Structures are given as structure tokens and as C-alpha cells.
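First to last, the protein sequences are chains A and B.
Mapping of the first sequence onto this note's numbering: position 110 corresponds to residue 110, and the numbering continues sequentially without gaps.
Mapping of the second sequence onto this note's numbering: position 40 corresponds to residue 40, and the numbering continues sequentially without gaps.
In case anyone wonders, no lab produced these hints; they're calculated from the structure.
Just so it is clear, the structure is predicted and the values come from calculations on it, not from any experiment.
The C-beta atom is built at its ideal place from N, Cα and C for all residues, glycine as well.
Some clues are possibly wrong.
Said to hold, decoys possible - Which stretches of chain A does chain B cover? Using the computed rule of at least three CB atoms under 8 angstroms from a CB of chain B, they are:
no., segment
1, 23 to 30
2, 49 to 56
3, 62 to 68
4, 84 to 93
5, 96 to 107
6, 111 to 119
7, 137 to 147
Stated by the list, open to error - Not close to chain A: a few residues of chain B, all C-beta gaps over 12 angstroms, as computed:
no., residue
8, A121
9, M169
10, F468
What the hints assert, rightly or not - DMTMM-like, lysine to aspartate or glutamate: derived pairs with alpha carbons at most 25 angstroms apart:
no., chain 1, residue 1, chain 2, residue 2
11, B, K290, B, E277
12, A, K6, B, E277
13, B, K454, A, D30
14, B, K423, A, D103
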Amino acid sequence: MSGYQKNMVSSLVFAVLGAALLIVIPASVDIGTMSAVGPRAFPYFIAICMIILSVVLAAVTYWENRKNDAKMEHTKSASGEGKNELRALMLVAIVLLYILTFDILGYFGSTFIAATLMLLLFRSRNIKHYLIVYGSAMVIYLAFTKLLYVMLP
Amino acid sequence: MVLDVLLSLITWQNFFFLNVGVCAGIIVGALPGLTGTMCIALLLPMTYGLNSITGMLLLLGVYCGGIYGGSITAILINTPGTPASAATAIDGYAMARKGQAGRALRTALSASLVGGLFSCAVLIVAAPVIANFALRFGPAEYFALALFGLTIIASVGGDSLIKGLLMGMAGLLVSVIGLDPVDGIDRFSFGVTSLLGGIDIIPALIGLFAITEIMSKACNVHKPVGTIAEFKMEKKQSFWDVFKYKTTLLKSSIIGTLIGAIPGTGAAIASFLSYNEAKRVSKHPEEFGKGSEDAVVAAESANNAVTGATLIPLLTLGIPGDTNTAILIGALTMQGIIPGPQLFVQQREWVYSIMFGLIIVNLFMYYQGKLFIRSFINVTKIPTQVMVPVLVTLCVIGAYAVNNTSFDALLMVLFGLFGYIMKKLDFPLTPMVIAIVLGPLAESNLRRTLIISKGSWMIFFEKPISLFFIILAIGMLFMPVIKKQLAKHKLAA
């Protein structure tokens, strides 16, 4: 994505978010006190600012693009970059799975599965890596439960 | 009071966790791609189970250690571990190429200690004076102060003021979720009970600063760190050798302290400003860039001098000057401690324990750096494939431990994903954190003031302290222009 595209997409997203807020506020926030600055004031301020700033960002981006007389530099993605982003998203999926199984399988079960999946995702074939990660999980468990008195499932 | 302060400071828990913090900070600071900020966010949940002083010393240890740690890889592989060490890399790596890596490392360490101790001294002297002045603040002054704090967003917003402000709005939006602070009316919880109390800052911090970086690290999991220059620590080099450059040390420490005390600036600006100044007044400016020890002294003393100074606005006014202090506010909030002038009245011993504790943090940073430098360097060789699962585990446990609920861990992942996408779109994350922290302060004081003034906005301009902060806030919005000029200066060097 070029800088121009990034800015235009972001301004659109924030403008839509601001507009959505304007619609949602009356339904989601009670009017509260009759004073000028009630519970809705700050959310309205945020929504309006978001819309204005989005429009300004889009306008500035468009203006700079015209001034430079070329689209902002398109950074050519290396062929591996798509794979890297996919790896990051798969990592997020593993973390979500980890959290969802945390209370069901307990700390050790969910951590063992998640850690193994992450190492497989990074194509790690070294048994030492697996042992270090499992060992670290044990140390973290002891640190939180024995030293910091945090209850873990 | 001195005895009370010493008694609360000198405990085995404090020394143990302080050293854990320094060690973790140096290691993470040294690792390119990971920052001290991330480490502070990761260790933040651990402070919940600790005494408030111990918790703060742990995080301050990470803060100071992280800034020094960046100089290790800056010198040995020309890759600064943190932005604050970018200036150190210029001459530090040049010294390493000349076979003086050990000397450069020892000089960086000694200069860091001197800069850190100088700013501690300024903190101890200046903070009570500022706090005393701030005791006169009412809701109008607090709102103006929060507004000033929010305009810091303009200066930490990177190259784009508009993007910084948009992220600030996103942060304010997060801060209004939950019960309204004045009327207790539910806002944007959509029936989710866990959201009634608002979004806890810890999952937001861990998500934005730890998960985001871990995802970025996962993208480059097979990227090599770089060849580490061989070095030998010179036995004859002592701490006092750094005083050969006493003028540079003093000037750079002053620059670092002044920059650190101004919210929204940061250690990177301090180190480059000091580097430029040292070069300007040097008798041998041609040596800068080619392995000048004077240059390393300038950069390192300035960047560590920022650490104590950033605590001045934090402790006296409750205003975070940068991301690290915004996270420290999260730690204080977790412990039920509200930073601000009242702290110096109601918890005087606590404040002085923290300020004097920072001196001990700097001393242990020096000794750890001196004794364990080789071990720290070996840590940079840990493969990313091993580091990522361990960091993820810490993040999930940390977020879970806040309220013993998976909901917070899920929020953490959402914030992490949001932060990652925003980084890809070149949006800065710090403004969002500052807005999450200051939003409630701004809104509640604004509404209280307008209730007192019966709806008149003139009250903010009639009170002199409030007017002063409003003028400062307007000035802060021009900070990006000033920063651009400073950056031009940096390039000219």
C-alpha cells in the first residue's frame, strides 16, 4: 500500500467510526443531567473531532499528492511480506485459542498447546527450543503463583 | 522521615525486584525490535502482587536499564536497541571497529550512571517545590493541566500531527467506555457487565506495546541479529575515567534533565541534542562520527538523565511525559495511588522512597552492566522462535492476572491487533495511551468546573494557573514545528 492509499483508507475508517458514534450515542448514552456538559458531551466531541480530523487528513493527503505530482511512493512489498503478515495473523489466532482454552484446560494444558503451535508456526525443529519454552512456562507459573500470589487455573 | 524512607527502601524484596527490573530492562533494551516500554508493559501486572514501592522500583529498574541496554547493541552491532541509543551508535560502533568496543561499553555505562544520578538529584530538589505550587490547583486548573497533557499528543505524534490527534481521539473513546464519572450513566458497554467499570488500562498497555511488537517480531522471525563485534573489557579503565569529559558530562546531563522534564520530548531528542552540542564546542569536532569517546559520553549521559526528570511532571502533576511514564501511571493506579501534588502531602515517605530508590536503581544498573555485560550480550543470541512463545505467555498471564478473567486477555489481543494495524498504517501509538490515561481526568474536572461556574466557560480564563496551562497547551500544538527544526539541526550534524 502506498502512503497515499494508507492515509485515504485510514481517514475513511475514522470518518465512518465518527459517524457511527454520532448515530450510536443517543441510543447508548442516557441524557443524564440537564446541564450543558452531560454524559453525552465528551462522546459527541470525540465523534465530531474524528470526522473533522479524518476530512483534514484526506484533504492534506490529496493536496500533497497533487503538489508532488505523483502518487506517494509505492513501497513494493517483497514477495515474502504477505507470508510474514499471514504468520502474524496466525499468531493472533493461536493466542486467541490460548485464551479461550485457558479456563477450560487450565494453565499448563493451554500453554503447552499454544507454545507448541507457535513453535510449529515458526518451523522450529530444534528440540532444545521446545524444552526451553516449556521450562519457561513452568518458571512463569511459579513466579506468578508462588512469588506474586496470583491464582491461575 | 529520613529513617522512615530508608526503612521502607532497604528491604530484600526491593533489592531483589529492583535488580530483576534492571536486568530485564538491560536485556530487552539490548534486543533490537524490543523496547524497554514493552518490558515495562509486560512486567506491569507483576506489580499487582507487590508492595507499591517494590513494584515501582521494579518498573523504574526496567526503565533505566532499558535506556542503557540499547547502547550495548548500538556499540557492538551498530543497531541501537532503543531509539535513545541511536546517537551512541554513531561513535560507539566506530570505536568498536577500531578495537575499542570494551572501552566504549564501559564509557557508556559510566556516563549513563552520571546522567541518571544528576537527574535524580534534580528530581529530589525540584519535585517538592513544584508539588507545593500545584497544591493550589482546583478542578479548573486540573482540567487545563489535563488539556495540556493531552496536547503532548501533538509532539509524540511523530511526523503527522493529524494522525497523532486521531489516535488521541481513539484513546479518548476508549476512556469513555463504562460508567460516566459524574452521573454514573452507562456509556457504550452494550450490556457487557465486564465493560461497566471501563476498560482497564493494563490490557490496553500490554496489547498496544507488547502484543504489537511481538506480532512485528513474528513477521521477521528468521531475520538474523547481526555480527557482534568482539571485545575485551579493559581492566585499567575505571568509573572515574569518564570525568575526563566533565564539561560534556555536565552539559549533557543538564540537557537530558531539561528535555526529560518537558512532557512529550524524550531520550532520543536529548541524546541527539547533547551529541550536537558536544560536537559544536569540541576542540576536535572532526573526530565525531569516527569513534570519539566524547560523543559516546554526550549521548549516554543525556539519555539516562531523562529518566529522573520524566518523573517530575508525573509525580508532581500526574502528567505522563512519555509512554513509559504513562505506563507507570497505570502501575500507580493499580496500587490505588493517585500521582499529583496531594501525594507529597498524604504519602510523603512513599514519594521520597521512590525518588531515593531511583538513585539505588542507577547504582545497581552500573554494577550489573559492569559484571554481567557478556551475559547480556549472549541473550541477544536467543532465537526469536523461542522468545515469542515466552513473551506471549507472559502477556496472556499478565492480562489475565489483572481481574482473573479471560475477558481482559481478549481485550489485550484486540488492542494488540489494533495497534499492529495502526503501525502498518503509520499511526503512532503513544497518543492513544496518553489519551486513555488523561481522558477521565479531563472530562471529570471539566464537568465539575462547569457545575461550579454554572455553565460559564470563562472560569478557565479567569483563573491564572488555568490560563497559563491553556496557553502552554496552545504552544504545545506548535511543538511539531519546533521538532522539525531540531531534526534539521540533527541532520546538519
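Right, here's what the structure says about each hint:
Check result for the segment 23 to 30 of chain A against chain B: holds, 4 residues qualifying (beta carbon to beta carbon below 8 angstroms, three or more required). Here the segment 49 to 56 of chain A counts 5 residues with a CB under 8 angstroms from a CB of chain B, which clears the bar of 3, and the coverage holds. Counting residues of the segment 62 to 68 of chain A whose beta carbon lies closer than 8 angstroms to any beta carbon of chain B gives 0, which falls short of the minimum of three for the stated coverage. Counting residues of the segment 84 to 93 of chain A whose beta-carbon sits less than 8 angstroms from any beta-carbon of chain B gives 6, enough to reach three: the coverage restraint holds.
With a threshold of 8 angstroms between beta carbons, the proposed coverage of the segment 96 to 107 of chain A by chain B holds, since 7 of its residues qualify and at least three are required. Judged by the Cβ-Cβ criterion of 8 angstroms, the segment 111 to 119 of chain A is covered by chain B as claimed, because 5 of its residues qualify and three suffice. Check result for the segment 137 to 147 of chain A against chain B: holds, 5 residues qualifying (beta carbon to beta carbon below 8 angstroms, three or more required). With 12 angstroms as the threshold on Cβ separation, the claim that A121 (chain B) sits away from chain A holds: the shortest Cβ distance comes to roughly 33 angstroms.
With a minimum CB-CB distance of about 5 angstroms to chain A, M169 (chain B) fails to clear the 12 angstroms threshold, and the non-interface call is violated. Distance to chain A confirms F468 (chain B) as a non-interface residue, since its nearest Cβ pair spans about 23 angstroms, more than 12 angstroms. Under the criterion of a C-alpha separation no larger than 25 angstroms, the hint pairing K290 (chain B) with E277 (chain B) is consistent with the structure, at around 17 angstroms. Between K6 (chain A) and E277 (chain B) the alpha-carbon distance is near 38 angstroms, which puts this suggested pair outside the 25 angstroms criterion.
At most 25 angstroms may separate the alpha-carbon atoms for a hinted pair to count; K454 (chain B) and D30 (chain A) meet this at roughly 21 angstroms. Distance check on the hinted pair: K423 (chain B) and D103 (chain A) sit about 32 angstroms apart at the alpha-carbon level, beyond 25 angstroms; violated.
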